[in-house]
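**Student:** Top to bottom, those sequences are chains Z and X.
Residues 1 to 187 (this note's numbering) make up the first sequence, in order.
Residues 1 to 187 (this note's numbering) make up the second sequence, in order.
You may find that some hints are simply not true.
[What the hints assert, rightly or not] Here are the simulated lysine to any residue pairs, SDA-like style, with alpha carbons at most 25 angstroms apart: (1) Z:26 with X:106; (2) X:26 with Z:24; (3) X:26 with Z:119; (4) Z:46 with X:17; (5) X:26 with Z:21; (6) Z:46 with X:166; (7) X:26 with Z:22; (8) X:46 with Z:86; (9) X:46 with Z:18; (10) Z:26 with X:21; (11) Z:46 with X:102; (12) X:26 with Z:102; (13) X:46 with Z:21; (14) Z:46 with X:24; (15) Z:26 with X:102; (16) Z:26 with X:166; (17) Z:46 with X:22; (18) X:46 with Z:102; (19) Z:46 with X:46.
[Claimed, not checked] Derived coverage of chain X by chain Z (criterion: at least 3 residues anywhere in the stretch with Cβ under 8 angstroms from a Cβ of chain Z; other residues may be distant): (20) 75 to 87; (21) 110 to 120; (22) 160 to 172; (23) 178 to 185.
In case anyone wonders, no lab produced these hints; they're calculated from the structure.
Where is the CB? At the ideal position from N, CA and C, for every residue including glycine.
Here is how the chains run, residue by residue.
Protein chains: 2
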Amino acid sequence: MSTADRLIDATSELLWERGYTGTSPKAIQRLAGAGQGSMYHHFAGKQDLALAAIRRTAEQMRSAAEADLAGPGTAVERIERYLLRERDALRGCPVGRLTQDPDIVASAELRAPVDELFDWLRARLTSVVEQGRAAGEFEASLDPAAVGAAVAAAVQGGYVLARAAGSAEPFEQAVRGAVSLIRAARS
Amino acid sequence: MSTADRLIDATSELLWERGYTGTSPKAIQRLAGAGQGSMYHHFAGKQDLALAAIRRTAEQMRSAAEADLAGPGTAVERIERYLLRERDALRGCPVGRLTQDPDIVASAELRAPVDELFDWLRARLTSVVEQGRAAGEFEASLDPAAVGAAVAAAVQGGYVLARAAGSAEPFEQAVRGAVSLIRAARS
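Please model the complete structure; the sequences and the hints are all you need to start from.
**Tutor:** Take a look at the structure:
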C-alpha cells in the first residue's frame with residue numbers, strides 16, 4: 001500500500017472514531033506510520049486528506065449499495081437485499097455520521113461528497129421503486145421518491161437507534177420493519 | 001430564569017452546535033452570562049451540566065412524542081401525527097445526534113438518558129402499532145416492535161439525509177414515504 005493510501009485510510013479511521021475536530025495531523029501520521037514531510041508532500045493538509053478519505057469511503061458505500069440494488073430479482077427483493085445486508089450497526093455509517101459533525105457540515109467542500117452519495121442513493125432507490133411500480137409490483141399511487149428516501153432513512157436511523165442503545169438490536173428491528181412495510185405495499 | 005436553568009440551556013445549545021468536545025466550560029459560562037464560581041456552585045463540572053442538559057432535552061422530546069401518540073384517532077392517525085409533526089430538519093434531532101458524538105457514546109453516564117429516550121420511543125410506537133393490530137387496523141402478521149423501530153428510524157434517518165443535502169426536502173420525503181408505507185400496511 002502506498003504512503004498516500006495509508007494516509008487516506010488512517011484519516012478515514014480517525015474521522016470515524018473521533019470526528020473532524022478530534023482528528024489531528026499528528027494522529028493521522030502516527031496511525032499511517034508516515035512522517036510530516038511525507039504527509040505534506042502528498043496532501044495540502046488535514047482538509048485535503050479528509051476530502052480524499054470521505055470520497056473513498058463514499059465510493060465504497062456506493063459500490064456496496066449498487067451491488068445490492070443492481071443484482072437480480074424483483075424490485076422488492078432488491079430493496080430487501082439492500083436493507084438486510086449485514087452491517088456493523090454499532091459502528092454506524094461512516095458517511096452518514098459525518099452529517100452530525102459540525103465541522104463537516106459547515107464546510108461546503110467537505111459536505112459535497114456526503115451530499116452526492118446520499119443524493120445518488122435516494123435516486124437509485126427511487127428508480128428501483130419506479131421499476132417495481134412499472135412492473136406492477138407496487139400500487140400506482142406509491143410515490144417512488146418518498147419511498148426511496150424512507151428506505152435510505154430506515155438504515156441511517158437504524159444506526160442512530162443502535163448507537164443510542166449500545167446494541168445492534170434496534171437496527172435489526174428497524175430494517176426488518178422497513179422490509180415488512182415494503183412487502184405490505186405490494187399490490 | 002434561574003442561573004442553573006440558564007447554564008443548562010446554554011449547555012444544550014452548545015452540545016447541539018459543537019458537540020461535547022467542542023463545548024468548553026468557558027463557552028457555557030459566556031452564553032449563560034454566568035461566572036465560573038456560579039457554574040461550579042450549581043454543577044460539579046461539564047459532564048454534570050451535560051447530563052442535566054441531555055436529560056432536559058430528552059424530556060422535552062418525550063413530551064412532544066407523547067402528545068402526538070396519546071392523542072385521539074386511530075393508530076395510523078397517531079403514527080402519522082408523530083411522523084408529520086413540523087420539525088427543524090436541518091438542525092437535526094438534539095438527542096439523536098448525540099449518538100454520533102464519540103465522547104457521549106463512550107460515557108455510560110452520558111449515553112444513559114439518550115438510551116432511555118429512544119428505548120421509550122420505540123416501546124411507545126410499538127404499543128401504538130399493537131393497539132392498531134388489536135383493533136384490526138393492521139394485518140395480524142405485522143411485527144409491532146419492528147414497525148415501531150422503523151417509524152423511529154424514518155425520522156432519525158430523515159435528519160441524516162437532510163443534513164447531508166443541506167435541505168429539508170429529503171427529510172420531508174422520508175417521513176411522507178414512511179406514512180405511505182404505514183397506510184399500505186392497513187388490513
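**Student:** Take the hints in turn and mark each one as holding or not.
**Tutor:** Hint check results:
no.	hint	verdict
1	Z:26 with X:106	22 angstroms, holds
2	X:26 with Z:24	23 angstroms, holds
3	X:26 with Z:119	39 angstroms, violated
4	Z:46 with X:17	22 angstroms, holds
5	X:26 with Z:21	18 angstroms, holds
6	Z:46 with X:166	23 angstroms, holds
7	X:26 with Z:22	19 angstroms, holds
8	X:46 with Z:86	38 angstroms, violated
9	X:46 with Z:18	19 angstroms, holds
10	Z:26 with X:21	18 angstroms, holds
11	Z:46 with X:102	20 angstroms, holds
12	X:26 with Z:102	19 angstroms, holds
13	X:46 with Z:21	19 angstroms, holds
14	Z:46 with X:24	23 angstroms, holds
15	Z:26 with X:102	19 angstroms, holds
16	Z:26 with X:166	31 angstroms, violated
17	Z:46 with X:22	18 angstroms, holds
18	X:46 with Z:102	20 angstroms, holds
19	Z:46 with X:46	29 angstroms, violated
20	75 to 87	violated (count 0)
21	110 to 120	holds (count 6)
22	160 to 172	holds (count 7)
23	178 to 185	holds (count 6)
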